[in-house]
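> Starting from the known structure of chain A, arrange chain B on it as the hints suggest.
Protein sequence lines correspond, in order, to chains A and B.
Just so you know, we're using the working numbering here: the first sequence kicks off at 1 and counts up by one.
Just so you know, we're using the working numbering here: the second sequence kicks off at 1001 and counts up by one.
Derived by calculation from the structure, the hints in this document are not laboratory data.
Beta carbons: idealized from backbone N, C-alpha and C, even for Gly.
Careful: at least some of the hints might be erroneous.
[Unchecked claim] Calculated lysine-lysine pairs in the DSSO-like style (CA-CA distance at most 30 Å, straight line):
1) Lys174(A) with Lys1228(B)
2) Lys1116(B) with Lys216(A)
3) Lys1116(B) with Lys174(A)
[Stated by the list, open to error] Listing some non-contacts, in silico: residues in chain B with all C-beta distances to chain A over 12 Å:
4) Thr1021
5) Ala1152
6) Asp1168
7) Met1187
8) Met1196
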Amino acid sequence: METAAAFPLRAPPKLVTRITIVHLIEMIFAGILMVFLVLPAIFKFSLVNASFWQIYGRFYVTGLFGTFFYVALTLPLSVVLGFLMGWARVSRVRIFSWPASLYVNVFRGLPPLILVIFASLFGTNLVPQPIIDRFLSGFRRGDIAVGLAAIAIGMHSSAYQAEIFRAGFQSVPKGQLEAAQALGLRPWQGMRHVILPQTFRLSLPPLGNEFAGLIKDTSILAAIAGTDLVAKSRDLLGILPASGFPIFWIFAVWTVVAVTYFVLTYSVTRGLRLLERKFHTPGLEGISL
Amino acid sequence: MIRVEDIQKHFGALHVLRGITFDVKKGEAIVIIGPSGSGKSTLLRCVNLLVEPDAGKVFIDGVHVNRHGIRHEWVRQQVGMVFQSFNLFTHLSAIENVTLGLTRVKGMPHDQAVEKARKLLARVGLAAKESAYPAELSGGQQQRVAIARALAMDPKAMLFDEPTSALDPEYIREVLDVMTALAREGMTMIVVTHEMGFASNVASRILFMDAGKIIEEGTAEDIFQRPKEDRTRSFVSKILR
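If we strip away everything but chain A, and leave its shape as in the complex, we get (with noise of 0.2 Å):
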């Protein structure tokens, strides 16, 4: 908040604090516990191995490149059609709030799956030739339906995105808008500087959630043509019968890629985590016990 720095009597909460600093460790321990003792103990094999990583390295980092790049691509997306959708949800005007309710329901009640199925197939169809020629020229018609794809993801995430905005936008109290209204506030400052920082208070800790879904419902992208970190990882094992390594590489790279996915997913509700506490206001936090 812009008017925050004014008044020094309230020390600023502290982001990083021990417990902060005992969960990091924590977790890097258990890390090291898994790859330096657990795997070496039950399948005498060792993460740090040359011979491994010569061959899956590749595989991995242009793996991880395409998870990112998908996370990126649909993660705001879905951060602003969900508020959206949330926002218009709550709205007394009917043509707002029904579509968005409609949206919900319909994204809401598809498996991911299924909509990347649709995207993929079909999903280029729907994007006017003009807009092909012009933005998206450059890439492959299949590059295309991949987008399109992650994008459904994106809107998968972003319909029960909107339920969690709704909610924070019903969990303020009524008594809030009118006393913004009789302050002399217009409608839209109301909104700005009343309704909608509390809403994304009460949001946020649902929103970690969500998130972390999110990254995760990315690896359904394999199921089609997506080069995201489990599609590499399979794309590696159908050569590795054939290439004469061990059969239980198998296992490793399936490990690198699920300890992958939980640093992704760890390290996004941490952060969120760290923003709640930027953000803490009394009253505004449940309890604790």
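Frame of chain A, contents of chain B only:
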């Protein structure tokens, strides 16, 4: 200062206000009493147009305000309002609650707004609490911040909607003291309350409302000691006890 002429209001099938007319002169403090559901809060909200009357006229300082061409935001700057449930902005500290209207509605520079807000918080006895969030304040303190927030806009009149009804008994005094001081300084006010002590000390006139109508009007003595109407008598006997 405030004139209400033959106000009508329906909520669906419910006829809440059935032709209310009254006048508040500059510097007067009017207390409205009446059983719950009698339309007191709705009447108060009609004055600053939080509720739009179905029929009738509202005048503030001679200006007919419930007509086309008058912005609601302008009307609400003329009359401050204090709510039963305080309605402080939860995400803002006490002083930010007071400065919000100054900077956003009046366009006052931030430093100037802070200076004014500090004076007002001091006036309601809360200079030390400026950086506390509403959840960290007692009910009485919250209500005093709410009064400071309304006063910040330099209103011509103040509306109080049962300002002490949601308070624990030990906090009622401090809020009434602030209101009494305000009335003594000549602030025009309309107060919906059941605090009979406050009404007797401060009110220039008391209006008794029932079923959407003003049943009786008079000084505290008239209403409390020799009510003319049966309904007034029965209500007063219940709350005086």
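> Are the hints correct? Go through all of them and say.
Status of the hints after comparison with the structure:
Restraint check for lysine 174(A) and lysine 1228(B): not satisfied, since their Cα atoms lie roughly 39 Å apart, outside the 30 Å limit. As the CA atoms of lysine 1116(B) and lysine 216(A) are separated by approximately 52 Å, the hinted pair breaks the 30 Å bound. At most 30 Å may separate the alpha-carbon atoms for a hinted pair to count; lysine 1116(B) and lysine 174(A) meet this at roughly 28 Å. Listed as a non-interface residue, threonine 1021(B) keeps its Cβ farther than 12 Å from every Cβ of chain A; the least gap is roughly 24 Å.
For alanine 1152(B), the non-interface assignment is contradicted: its Cβ lies about 9 Å from the closest Cβ of chain A, within the 12 Å cut-off. In this structure aspartate 1168(B) is separated from chain A by more than 12 Å, as the shortest Cβ-Cβ distance comes to about 18 Å. The claim that methionine 1187(B) is not at the interface with chain A holds, since no C-beta of that chain comes within 12 Å of its own (minimum 16 Å). At roughly 26 Å from the closest C-beta of chain A, the C-beta of methionine 1196(B) stays outside 12 Å, upholding its exclusion from the interface.
Checked against the numbered hints listed earlier, the structure breaks hints 1, 2 and 5; every other hint is satisfied.
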